[in-house]
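Chains as they are written, first to last, in numbering that gives the first Met the number 0: chain A, 0 to 270; chain B, 0 to 222; chain C, 0 to 229.
Quick caveat, the hints were computed from the structure, so don't treat them as lab data.
List time: in silico EDC-like cross-link candidates among lysine to aspartate or glutamate, alpha-carbon distance up to 20 Å:
#, chain 1, residue 1, chain 2, residue 2
1, A, Lys103, B, Glu120
2, C, Lys165, B, Glu54
3, B, Lys123, A, Glu95
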Amino acid sequence: MNDDTTTGSTAHPVPEAIIHFDRVVKRFGPVTVLDSLDFEVRKGEKVTIIGPSGSGKSTVLRILMTLETIDDGIIHVAGRPLWHERRNGELVPASESHLRNMRKEMGMVFQQFNLFPHMTVRRNVTEAPVHVLGLSRQEAHERADEYLELVGLSDQVDKFPSQLSGGQQQRVAIARALAMRPNIMLFDEPTSALDPELVGEVLNVIQRLAEEHDLTMLLVTHEMQFAKRVSDRVCFFDKGRIVEQGPPEQVFGEPREERTRDFLKNFLDTA
Amino acid sequence: MHWLSYLPPLLEGAWVTAQLTFYSTLLGGFFAFAFGLGRMSSNWLLKGFSVAMIEVFRGTSLLVQLFWLYFALPLVGQMLGMDWRLPPLVAGTLALSLNIGAYGAEVVRGAIQAVPLSQHEAAKALDFTPRQTLWRIALPQSIPEMLPSFGNLAVQNLKDTALVSLISLGDMAFRAEQIRNFTQDSTTVYTLLLFMYFGMALVLTALMTLLERSVGRWRAGRS
Amino acid sequence: MLFGIAWDTSSQWAFAVSILPILLKGLVVTIQATAVGFVIALVLGLVLAGLKASPLKLISWPARLFTEFVRDTPLLVQLFFLYYVLPEYGIVLPAFMTGALALGLQYSAYTSEVYRAGLESVPLGQYEAARALDLSPRRTFAVIILPQAIPRIIPALGNYLVSIMKDVPLLSVVAVLEMLNVAKIIGDRTFNYLIPLSMVGLIYLILTLVAAAAIRYLDTRLPKRGIPLK
Numbered sequence: 000m001n002d003d004t005t006t007g008s009t010a011h012p013v014p015e016a017i018i019h020f021d022r023v024v025k026r027f028g029p030v031t032v033l034d035s036l037d038f039e040v041r042k043g044e045k046v047t048i049i050g051p052s053g054s055g056k057s058t059v060l061r062i063l064m065t066l067e068t069i070d071d072g073i074i075h076v077a078g079r080p081l082w083h084e085r086r087n088g089e090l091v092p093a094s095e096s097h098l099r100n101m102r103k104e105m106g107m108v109f110q111q112f113n114l115f116p117h118m119t120v121r122r123n124v125t126e127a128p129v130h131v132l133g134l135s136r137q138e139a140h141e142r143a144d145e146y147l148e149l150v151g152l153s154d155q156v157d158k159f160p161s162q163l164s165g166g167q168q169q170r171v172a173i174a175r176a177l178a179m180r181p182n183i184m185l186f187d188e189p190t191s192a193l194d195p196e197l198v199g200e201v202l203n204v205i206q207r208l209a210e211e212h213d214l215t216m217l218l219v220t221h222e223m224q225f226a227k228r229v230s231d232r233v234c235f236f237d238k239g240r241i242v243e244q245g246p247p248e249q250v251f252g253e254p255r256e257e258r259t260r261d262f263l264k265n266f267l268d269t270a
Numbered sequence: 000m001h002w003l004s005y006l007p008p009l010l011e012g013a014w015v016t017a018q019l020t021f022y023s024t025l026l027g028g029f030f031a032f033a034f035g036l037g038r039m040s041s042n043w044l045l046k047g048f049s050v051a052m053i054e055v056f057r058g059t060s061l062l063v064q065l066f067w068l069y070f071a072l073p074l075v076g077q078m079l080g081m082d083w084r085l086p087p088l089v090a091g092t093l094a095l096s097l098n099i100g101a102y103g104a105e106v107v108r109g110a111i112q113a114v115p116l117s118q119h120e121a122a123k124a125l126d127f128t129p130r131q132t133l134w135r136i137a138l139p140q141s142i143p144e145m146l147p148s149f150g151n152l153a154v155q156n157l158k159d160t161a162l163v164s165l166i167s168l169g170d171m172a173f174r175a176e177q178i179r180n181f182t183q184d185s186t187t188v189y190t191l192l193l194f195m196y197f198g199m200a201l202v203l204t205a206l207m208t209l210l211e212r213s214v215g216r217w218r219a220g221r222s
Numbered sequence: 000m001l002f003g004i005a006w007d008t009s010s011q012w013a014f015a016v017s018i019l020p021i022l023l024k025g026l027v028v029t030i031q032a033t034a035v036g037f038v039i040a041l042v043l044g045l046v047l048a049g050l051k052a053s054p055l056k057l058i059s060w061p062a063r064l065f066t067e068f069v070r071d072t073p074l075l076v077q078l079f080f081l082y083y084v085l086p087e088y089g090i091v092l093p094a095f096m097t098g099a100l101a102l103g104l105q106y107s108a109y110t111s112e113v114y115r116a117g118l119e120s121v122p123l124g125q126y127e128a129a130r131a132l133d134l135s136p137r138r139t140f141a142v143i144i145l146p147q148a149i150p151r152i153i154p155a156l157g158n159y160l161v162s163i164m165k166d167v168p169l170l171s172v173v174a175v176l177e178m179l180n181v182a183k184i185i186g187d188r189t190f191n192y193l194i195p196l197s198m199v200g201l202i203y204l205i206l207t208l209v210a211a212a213a214i215r216y217l218d219t220r221l222p223k224r225g226i227p228l229k
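For reference, chain A alone in the conformation it holds in the complex (with noise of 0.2 Å):
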């Protein structure tokens, strides 16, 4: 697999890619946020976006997520189109209907929680899959029960979010898209919205997930220390476009690139 692709584009995905980025434009007015973006993800892979805001990187969560449309190019998850579906051989935009078929491939887990205050930490993560998945309450009990215990959250099931420390309903909120049992999980800068000493019992729950699940994930966070002990690849974005990327201890050690040199340079624990 070739990691220092900066450009080259392959116009049908390489079998072992689940996700994968052909040209992709997205511009919000003016700006151009994706500018032609190439970018591929295997199986299983355990990828960290790094980059200076503005650089796109939560855009290509959110792309992936459904939240926002793309201009131009394609996107294939697990080698079928996401915002295309294929009809009678032809590339259309995808419908409603396909839409929803492909959002179960993935989980997301946002910067500020979402939550749904009403609704018990049990709740929560049950009520997707009964409403949308169509499991009975018993199952999706089971399977809340199941996510809440990973995350070490098994007493809490009865508190509403309000009752919730920070981390703790960050971690609610990975159960809660767990419990969907998605290929792919994005986490967008799942601890940026912490107090400092909540931060860790968040990280070891997504680093208890990279090592025990070959779930794919992909991590768009600041914590330069944790990427590095989670990642199997480091990806830095800049305007749009992938600068530099590789294995950690190469991207964060021996960075290639004088942008990525230059934005490591605010993270003094890269080296």
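Starting from the known structure of chain A, fit chains B and C onto it as the hints suggest.
Using the frame of chain A, we list chains B and C on its own:
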């Protein structure tokens, strides 16, 4: 005549007033949701109808609406060959609830639109349909937001029930007018009446506050 | 015949056209009642707001109680109260004035709240800055506070003006010849309630929509930061 003797008929009227307030507020709440949600619908027929109802019942005087339903609607029925004469109770309840429904619709719409975008995104990430998102995620969260305004509308409704006395419905104001006619003791009767309305309004406000507290339980918690 | 104008019952359409001038005469009374009631509400509301803001509990509490009482009791009953009770104490007013007074009284409770909210919306820092610059209380109020409070106050008052207009039909119970009363009289005499009442409803709808648009326009024209002073 001693004012105590005024109480029995006034209390009979008060019971009518209370029932009228209760039913018209309840029905009005239903209309509020119907018009408010209809207003946000993408179905242009439903949306247009809701907008029309909201504008008509907010933009015209309640007394005009009441008189129209009581005096004019039967004539429409006549033209269509149907008996559309409404008894005062029905006309009164209908007018009050449509009126409060029109004002309430804006409250409903505003509260639902106030639910943060991030909640919709979280729901989308979990693959809920837009309809599921509205009914399971947005609407429940918007209810505590609506209640204070609904409380005000309920008290307004209570005051408005006095108008039905003008179409001969035996509510508190009607009874008071009867007593005044008979005894000419205006000061006592009307002072008594005003205090009774005031008392009912205070009780209603207290009930609504209680409702607010119990529905918004999930909002409390550690800061 | 009403107001010296006869109506034409040859057809529904002719009927409608012929009673329009009669209804419009009623509309004039409606507008007059609205205007007088509004002015009373503005002035009385100012007095109430002043009383409520008094540091003396003896003054502020009765004022607040009065406001709450007026807000929680029906306008209709207040109207009857004034109409029948005032003469017993020697105050005899024409029905129109009693009606306008009742409207003004009821809405003064609301306008006093508008004044209070408008003033409170001016940040405390403004008062503090004025004090630091040693501006007199009168000057502070007139030049610093009031221009900043007005953009908040005017749209709210405008909405209450429209509300007053919609409450004017109540005055029909004391025989004021406003628009609804006129329509009802026509209906009583011709047994055709449908046309007059529907027309009144339509006229009200048009007036409200126009007024609402005017208020919205006014709202956009009023600079949010306050009336500019050069």
